[in-house]
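J.: In order, the protein sequences belong to chains W and V.
The first sequence begins at 1 in full-length UniProt numbering and counts up one residue at a time.
The second sequence begins at 1 in full-length UniProt numbering and counts up one residue at a time.
Worth flagging that the hints you see were computed from the coordinates, not collected in a lab.
Where a beta carbon is used, it is the ideal one built from N, C-alpha and C, also for glycine.
Take the hints with a grain of salt, since some may be wrong.
[Stated by the list, open to error] Derived, one-sided and incomplete: chain W residues facing chain V with beta-carbon distance under 7 angstroms: (1) Ser66; (2) Leu70; (3) Pro92; (4) Ser93; (5) Ser95; (6) Ala125; (7) Gln164; (8) Met168; (9) Leu172; (10) Leu187; (11) Ile188; (12) Asn294.
[To be verified] Straight-line distance between alpha carbons at most 20 angstroms, and here's what the computed SDA-like set of lysine to any residue pairs gives: (13) V:Lys196 with V:Asp255; (14) V:Lys61 with V:Lys340; (15) V:Lys340 with V:Lys196; (16) V:Lys196 with W:Ala159; (17) V:Lys196 with W:Lys236; (18) V:Lys196 with W:Arg165; (19) V:Lys251 with V:Thr74.
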Amino acid sequence: MSTTEQPRSRAEEEAPKADSGRGSARKRRRPRSSFLPYGMVLPAAVMELLIHIIPMLLGIYIAFLSLTQLTIRNWTSAPFVGLENFIRGLDPSGSLGGALFESLFRTVLYTALVVGLSWALGMAAAVALNSRFRGRGVLRTLFLVPYALPVYVAAIIWAFMFNQRDGMINRLLVEDLGLLDDRPFWLIGGNSFWVLVIVSIWRLWPFAFLMLLAALQSIPADMYEAAAIDGASTWKRFTGITLPMVRSANAVVLLVMGLWTFNEFNIPYLLFGDTSPEAARLISPLIYEHSFVNWNFGLGAAMSVLLLIVLIIASAVYVRMVLPKGRGND
Amino acid sequence: MTRETELVVKIPAKAVLSASTALGLVAALTACGSDEGSGGGDQTLTYWASNQGASVEEDKKVLKPALDRFTEETGIEVELEVIPWSELYNRILTAVSSGDGPDVLNIGNTWAASLQETGAFVPYEGADLEAVGGQGRFVETSFATGGAEGEAPTSVPLYGLSYALFYNPTMFEEAGIEEPPSTWEEFIDTANELTKDTDGDGEPDQYGFTMEAGSERQNSHFAHVLAQQYGGQLWNDGPNFTSQEVIDAVKMRVDMMAQENIVDTSNAEFSDGTQSIGDFVDGRAAMMMMQGSARTTLASRDFDNYEIAQIPMLDPLPGKPIQSHAAGINISVFNDTENKEGALQLVEHLTSPEEQVYLSQEFQTLPVATKAYDDEAMQTDSMQTFRTILTEHASPMPLIPEEGQMETVLGEQIAGLYSDAATGSEITEDDIRAAMEEAETQMDAAN
Chain W
1 MSTTEQPRSR
11 AEEEAPKADS
21 GRGSARKRRR
31 PRSSFLPYGM
41 VLPAAVMELL
51 IHIIPMLLGI
61 YIAFLSLTQL
71 TIRNWTSAPF
81 VGLENFIRGL
91 DPSGSLGGAL
101 FESLFRTVLY
111 TALVVGLSWA
121 LGMAAAVALN
131 SRFRGRGVLR
141 TLFLVPYALP
151 VYVAAIIWAF
161 MFNQRDGMIN
171 RLLVEDLGLL
181 DDRPFWLIGG
191 NSFWVLVIVS
201 IWRLWPFAFL
211 MLLAALQSIP
221 ADMYEAAAID
231 GASTWKRFTG
241 ITLPMVRSAN
251 AVVLLVMGLW
261 TFNEFNIPYL
271 LFGDTSPEAA
281 RLISPLIYEH
291 SFVNWNFGLG
301 AAMSVLLLIV
311 LIIASAVYVR
321 MVLPKGRGND
Chain V
1 MTRETELVVK
11 IPAKAVLSAS
21 TALGLVAALT
31 ACGSDEGSGG
41 GDQTLTYWAS
51 NQGASVEEDK
61 KVLKPALDRF
71 TEETGIEVEL
81 EVIPWSELYN
91 RILTAVSSGD
101 GPDVLNIGNT
111 WAASLQETGA
121 FVPYEGADLE
131 AVGGQGRFVE
141 TSFATGGAEG
151 EAPTSVPLYG
161 LSYALFYNPT
171 MFEEAGIEEP
181 PSTWEEFIDT
191 ANELTKDTDG
201 DGEPDQYGFT
211 MEAGSERQNS
221 HFAHVLAQQY
231 GGQLWNDGPN
241 FTSQEVIDAV
251 KMRVDMMAQE
261 NIVDTSNAEF
271 SDGTQSIGDF
281 VDGRAAMMMM
291 QGSARTTLAS
301 RDFDNYEIAQ
311 IPMLDPLPGK
321 PIQSHAAGIN
331 ISVFNDTENK
341 EGALQLVEHL
351 TSPEEQVYLS
361 QEFQTLPVAT
371 KAYDDEAMQT
381 DSMQTFRTIL
391 TEHASPMPLI
401 PEEGQMETVL
411 GEQIAGLYSD
421 AATGSEITED
431 DIRAAMEEAE
441 TQMDAAN
């Protein structure tokens, strides 16, 4: 607390001096300086309002309109339909609502798999590369390549690789290794979900690796040495020292990865195009399909609002239950 | 905490914005939008052209002389923007919602009824229709695509297109086949003869036919064509996909992969409109059914070993002799233009017989002005075949505002059937009926 009191007392000390010396000039300048911080924040606040807040509120408003390609010309006067979009789009017994909830559950499964496996891979790699050995720098760089590559380039290359007839994956599995007799389809049918999971993990795990590696480096080496002297096994050191010490980092990494993955749009869009195969239809591409393929903006917006609510609730529960409460800053 | 708090808000907001970003930005920007799109003065028009050739740059080169001739005639400058198909509809809807669009623009003709409903385009009637040459100028089947039946069209045809059968004469000759098939029965027999194992590994590596089985558009177009041959139609005051004629139409084409094995199952992944052309060029397939514009892609791959024939028909024919939808690109004038007279003059110029001859040769499309067919350059066999299909055997896709959505929903269900067939499932008539019911339910629920 002393650090925050010092500047205040210094300012109080200076105040009488100012009055006695160039008093009038200081007095004129003071209100200007109190506006300065707000003035500096203002452009960012205005842009935030314009780019995030207003469109978000408009999106919520649109969920209550019958806004389609036919009513878009005077979209502000599109018919207000109350909860109709929500009833049609979110009724689990209806065609659209049924597809939405199916997609929602699929997205939950996809998120759990992608985040869980990405975290496990990232943690394993971070632990492995936390100790010194020759070639560590090269491996660290290599591991980050998927994260550094533009997702558009990477996903298109994966789509080529998973092509049924000419793709590298089938060539490897069928011709080179002889593991399969027939070339399976990867980008259509049931396998498309697993392709989505594989490509998403490939894309995401370097982020977990990077964040966890940074967290691991803050653990004092003394703790491992002391544990080793006490005879703790490698696994015991991992569960007794590493995991508790990176708990805060883990909590944040899992939240961020969870939100990104739940909203994933780029990878399915690039792998499958405008409409994903049913087995791999996640919620964001489904909302895109309603909004920009079928041009029913109201319905798409109602589904987006549902997604927003689900994520806010999940994030709030997670933040309350898992994230550290900030006692470390006291 | 700052980072995750921001994300909690930011990422869901992105999802919400999937439906509203364009609108929100439009709302924010409309007030400060420039006049760039609406003409920028009486003597400059803005024209959004669709991408017809191998690339946007290529199209600009083709269109420039035609637009220069317009400037010479009228003194009106044209600011041209060629827009890829993947972006065009989005751009048009943004322009419609903001009122800040071009003076003149191209549209896919299957969008005509939907865009007509927005009220954003000038109706071609009375003096405005005469200003672009009058109804008599245009090929009748193409003109019919300009908007909903019984209403003044808000677009007139610019480029005509139709499907046709492309076949490889060398493969036909090698198999001892003299004529292209004219009935579906002959087609299946011919395709079976052309499906071969040429390298002796026990698996066919040359197929009789190739198709874009994952393309929603192509699937819907052929459901429309074949349903009419069977005596039915896709739309009848509402979706009519579960009618026996539509089910028969879908079944016949799906069976080409599922039962007859004349189509490689890998075609179930083809959806971008070029992959089947690739198979045709590479000798992996002997026949394909594509629109005339496929000839630009074939030319870009230096492939000319092909002939054109009409699409086969049922024999006996219970329905109409339809072989293609009246495909093509239409041209509209934006209601918000500040120079309607000049905009109509530009439409008149581009649809004139002289320019139609030039444009159809460059873009491998069919002229939409009937007089253009008198030109010597139009007297080739392939042009005559395409002309016959377009003028005598084509009908527009249903002229309804829900047309785009219908193509997606129906085409997706058919693509799903191909996908099931390719992954080993047997496709029965009940499976097809179930898929058609699902498509109808989706259409009903969404509207």
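J.: Give a verdict on every hint.
T.: Hint check results:
1. Ser66: 10 angstroms, violated
2. Leu70: 4 angstroms, holds
3. Pro92: 13 angstroms, violated
4. Ser93: It is violated, given that the least Cβ distance between Ser93 of chain W and chain V is near 11 angstroms, above 7 angstroms.
5. Ser95: Cβ of Ser95 of chain W sits 4 angstroms from chain V, so the hint holds.
6. Ala125: Given a least distance of 22 angstroms, the restraint on Ala125 of chain W is violated.
7. Gln164: 5 angstroms, holds
8. Met168: 15 angstroms, violated
9. Leu172: 17 angstroms, violated
10. Leu187: 6 angstroms, holds
11. Ile188: Interface hint status for Ile188 of chain W: holds (4 angstroms vs cutoff 7 angstroms).
12. Asn294: Holds, about 5 angstroms.
13. V:Lys196 with V:Asp255: Holds, because 18 angstroms separates the two Cα atoms, which is no more than 20 angstroms.
14. V:Lys61 with V:Lys340: Violated - the C-alpha atoms of Lys340 of chain V and Lys61 of chain V are around 26 angstroms apart, more than 20 angstroms.
15. V:Lys340 with V:Lys196: Not OK: Lys340 of chain V and Lys196 of chain V at ~59 angstroms, beyond 20 angstroms, violated.
16. V:Lys196 with W:Ala159: 28 angstroms, violated
17. V:Lys196 with W:Lys236: Between Lys196 of chain V and Lys236 of chain W the Cα gap is close to 63 angstroms, so the pair fails against 20 angstroms, i.e. violated.
18. V:Lys196 with W:Arg165: Roughly 17 angstroms between the alpha carbons, so the hint for Lys196 of chain V and Arg165 of chain W holds.
19. V:Lys251 with V:Thr74: 54 angstroms, violated
Of the hints listed earlier, those the structure fails to meet are numbers 1, 3, 4, 6, 8, 9, 14, 15, 16, 17 and 19, in rising order.
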